[in-house]
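Please build the complex by placing chain B on the supplied structure of chain A, with the hints as guidance.
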Amino acid sequence: MTNELYTGAEILLKSLVEEGVKEIFGYPGGVILTIYEALYNQNDIKHYLVRHEQAAVHAAEGYARTTGKCGVALVTSGPGATNTVTGIANAYYDGYPIVVFTGQVGLNQIGNDAFQEADVVGITRSCCKHNYLVKDVKDLQRIIKEAFHIATTGKPGPVVVDLPKDILTQKTAFNYPKTVKLAGYNPNYKGHPIQIGRALKMLSEAHRPVIISGGGVLTSGAYKELEKVANMLKIPVAHTLMGTGTFPSTNVLDLGMLGMHGSFWANYAVSHSDVIFALGTRFNDRITGCLQRFARDAHVIHVDIDPCSISKNVKADIPIVGDVKNVLVELISQYEKKPLNIYEEDKQKWLEQINEWKQKKAVPVHTSGKLSALTVIKTLYEATKEYNPIVCTEVGQHQMWTAQLFKFNEPRKFITSGGLGTMGFGFPAAMGACAAKPDTLVLNIAGDGSIQMNIQELATCVDYGFKVINCVIDNGYLGMVRQWQEKLFHKHYSQTKISHPDFVKLAEAYGALGIRVEHEDEIVPAIKRAIEAKSPVIIDFVTEECEMVYPWVLAGEPLTKVLLSNDC
Amino acid sequence: MENFHTISILVTNEAGVLSRIVDLFSGRGYNIESLTVAPTIDKLYSRVTIVTGGDEAAIEQINKQLNRLVPVIKVADLNIKEALEREIALIKIQVKDEEKSDILRIAEATNAKIIDITDKTYILQAVGDEKQIQALIELVRPYSVKEFVRSGKVAISRNNQFTNLKNL
Chain A
1 MTNELYTGAE ILLKSLVEEG VKEIFGYPGG VILTIYEALY NQNDIKHYLV
51 RHEQAAVHAA EGYARTTGKC GVALVTSGPG ATNTVTGIAN AYYDGYPIVV
101 FTGQVGLNQI GNDAFQEADV VGITRSCCKH NYLVKDVKDL QRIIKEAFHI
151 ATTGKPGPVV VDLPKDILTQ KTAFNYPKTV KLAGYNPNYK GHPIQIGRAL
201 KMLSEAHRPV IISGGGVLTS GAYKELEKVA NMLKIPVAHT LMGTGTFPST
251 NVLDLGMLGM HGSFWANYAV SHSDVIFALG TRFNDRITGC LQRFARDAHV
301 IHVDIDPCSI SKNVKADIPI VGDVKNVLVE LISQYEKKPL NIYEEDKQKW
351 LEQINEWKQK KAVPVHTSGK LSALTVIKTL YEATKEYNPI VCTEVGQHQM
401 WTAQLFKFNE PRKFITSGGL GTMGFGFPAA MGACAAKPDT LVLNIAGDGS
451 IQMNIQELAT CVDYGFKVIN CVIDNGYLGM VRQWQEKLFH KHYSQTKISH
501 PDFVKLAEAY GALGIRVEHE DEIVPAIKRA IEAKSPVIID FVTEECEMVY
551 PWVLAGEPLT KVLLSNDC
Chain B
1 MENFHTISIL VTNEAGVLSR IVDLFSGRGY NIESLTVAPT IDKLYSRVTI
51 VTGGDEAAIE QINKQLNRLV PVIKVADLNI KEALEREIAL IKIQVKDEEK
101 SDILRIAEAT NAKIIDITDK TYILQAVGDE KQIQALIELV RPYSVKEFVR
151 SGKVAISRNN QFTNLKNL
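In order, the protein sequences belong to chains A and B.
Mapping to the numbering used here: the first sequence position 339 is 339, numbers consecutive.
Mapping to the numbering used here: the second sequence position 23 is 23, numbers consecutive.
Just so you know, the hints here were simulated from the structure itself, not pulled from any lab data.
Yeah, the Cβ is synthetic: ideal placement off N, Cα and C, and Gly gets one too.
Worth double-checking, as some hints may not be accurate.
[Stated by the list, open to error] Incomplete in silico selection of chain A near chain B, CB under 10 Å: (1) Ser-126; (2) Lys-129; (3) Leu-133; (4) Lys-135; (5) Glu-146; (6) Gly-154; (7) Gly-184; (8) Lys-315.
[As the list claims (entries may be wrong)] Heads up, simulated DSSO-like pairs for lysine-lysine below, C-alpha to C-alpha not over 27 Å straight-line: (9) A:Lys-14 <-> A:Lys-145; (10) B:Lys-64 <-> A:Lys-315; (11) A:Lys-528 <-> A:Lys-378; (12) A:Lys-145 <-> B:Lys-64; (13) A:Lys-181 <-> B:Lys-43; (14) A:Lys-190 <-> B:Lys-64.
Extracted from the complex, chain A is given alone in its bound form (with noise of 0.2 Å):
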């Protein structure tokens, strides 16, 4: 306990060393420049400079992916606030924690349409989990506290705090709070006893059962558990896109991804299973296809921390809100106590049926004597895979043959935007990922055109020393788009044929190297080179413009309608 006075911009600072935070990304301006004049004074924390405030946002966004913790960015008011809007709901979306600190005009100037004044409140109150304006000096150390608490527990999500410039030069006490009493946020970590029991025993008379792994396997860390108990009941497992590498896949029982660009028989086993054993999923309707058809002969027992996520899509025959690690652990606690018959013949005669179904796989569709996509992506894979590399993706037909080629055998190492499907996140997400672990290669999976959305980024990379290689798959359209104008829009490529500058030129530009491969021999020197630089790099893959993403459930359609190539 101590009497001194620190003005608001200082609390700020005290609080962030108090959260543990150690960096965090930024762009200054008028009404927080308090904030960086304290900055200035002190060594805790560190300051990363962006070059758009989007950037900071998803750069905050891939340190959280990457570390487990709360990710943190600093703007100003007006196009400093709205300019993040789209990283908080992509964090949203997501379920990954971000504190942002956005500034404010001063508390009597708001609502007078000030110097760059925005209702921030009022603008991301539905894309963030909740929002505060600091209205007094006092509250605002408790207001940070909650944010962080709020942020990182539950369902973890970003949490905004707009900052009037008043607060920040105002004193007071600074005593951080050691706990946060909030009588309306109590999320439920326990899974109820009762229902694990009734679903152990649904799973283990099941002859035809799945587990669906989600994104809340990977926020609570149950991949042992989840191992476990798919070995121990004998159940296959396929995966979201946000469930890339929750589990293993050198483990028999991984189906790969399920879904639009899923695996032929992940899908297949989804659909023809008995029993659904849902993971931290919200099933989202890139999962389920028509969710009439999904899975209809499928008793559904579903496992999420947020009862919204349950019976929101695919109704629950057995809803257990908690912690996925919590339940299973409880699951697997039961089982040992009292090993129940899980009726092995019958699972080993589903796991035959499904390995049949693993004979049918996409077919290629490569025609002009360009490189291959697909090619790049597995060398990329092969090439980089001794290095166990943190992999961001940016949205489009990259980022699924990069989900579907590339193999995780552990969380946190797969970056990509799935809710939202934000192309411009995963640059910046990179360079989260390398403020937050400066001895991992780091890899940007991109495309022509969403590379183009946060370029401007290469220029923070050169100054911090953010190794990011950027793999542009660089067909010349945007890809995913052109793909569904083919398929359903009678080949009328409208407005996604798309130039761009001369990438080697640009990265030089910036003082980082640039590469073009165009043949196939190419690949695996540009990835060595890229490896060893010591900035980072842009490698142009320049590749065939009708390349297709196979298998491809197409929206709207049952899981069982998989297009595995052209000639579907």
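Positioned in the frame of chain A, the structure of chain B alone reads:
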């Protein structure tokens, strides 16, 4: 099956809570039939009463989504059988001399009160459940109704389970 539900929401009495609730309804495409909000006996908390329509799944989602809001402490979907509901209506009627006795009779028959009288107008106040208010509307409709103001619903459960505000 679409049904109307009366949802009673206990919230912390702070700026922006109502916006959060209303945004949730508009953002997720739920309807608000009526809405009332006022502080509870303890001014730290407010009570929001919303009448909304939807099938069972939608109502379940509305309840869950409301619970997810940080300032929301308790959500109760009040069952009509176990709850008392009231609304209030104020009706200004331009009355000719020969109509005055009619209006007085209507007021008496429906338990409405005349709360203001001028040469040309009567103001009726009616408190009751939705059916009672609706009945009164039909009775006064033939007359010259100049202004009609109706509150949203407030509702209170008759059961004996309480949320103790002091323990929050």
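Quick one, are Lys-190 (chain A) and Lys-64 (chain B) close enough, alpha carbons at most 27 Å? holds, 18 Å
Given Lys-315 (chain A) was flagged as interface, is its beta-carbon under 10 Å from a beta-carbon of chain B? Given a least distance of 8 Å, the restraint on Lys-315 (chain A) holds.
Would you mind confirming whether the straight-line C-alpha gap from Lys-14 (chain A) to Lys-145 (chain A) stays at or under 27 Å? Holds, at roughly 11 Å.
Could you check if Gly-184 (chain A) really has its C-beta closer than 10 Å to a C-beta on chain B? holds, 4 Å
Just to be careful, I want the Cα atoms of Lys-145 (chain A) and Lys-64 (chain B) compared with a cutoff of 27 Å; is the pair within it? Holds, because 25 Å separates the two Cα atoms, which is no more than 27 Å.
Close enough to count: is the Cβ of Ser-126 (chain A) nearer than 10 Å to one in chain B? holds, 5 Å
Are the Cα atoms of Lys-528 (chain A) and Lys-378 (chain A) separated by 27 Å or less? holds, 15 Å
Restraint status (C-alpha distance of Lys-64 (chain B) to Lys-315 (chain A) at most 27 Å): With a Cα-Cα distance of about 14 Å, the restraint between Lys-64 (chain B) and Lys-315 (chain A) holds, given a limit of 27 Å.
Hint check: is the beta carbon of Lys-129 (chain A) less than 10 Å from a beta carbon of chain B? Since chain B brings a Cβ to about 8 Å from Lys-129 (chain A), closer than 10 Å, the hint holds.
Is the shortest C-beta separation between Lys-135 (chain A) and chain B less than 10 Å? With a closest approach of 8 Å, the Lys-135 (chain A) hint holds.
Checking hints one by one. Is Leu-133 (chain A) an interface residue toward chain B, by the C-beta closer than 10 Å rule? holds, 7 Å
Next item in the hint list is Gly-154 (chain A). Is there a CB on chain B closer than 10 Å to its CB? Holds: closest Cβ of chain B sits about 9 Å from Gly-154 (chain A), inside 10 Å.
When held up to the earlier numbered hints, the structure conflicts with none and fits them all.
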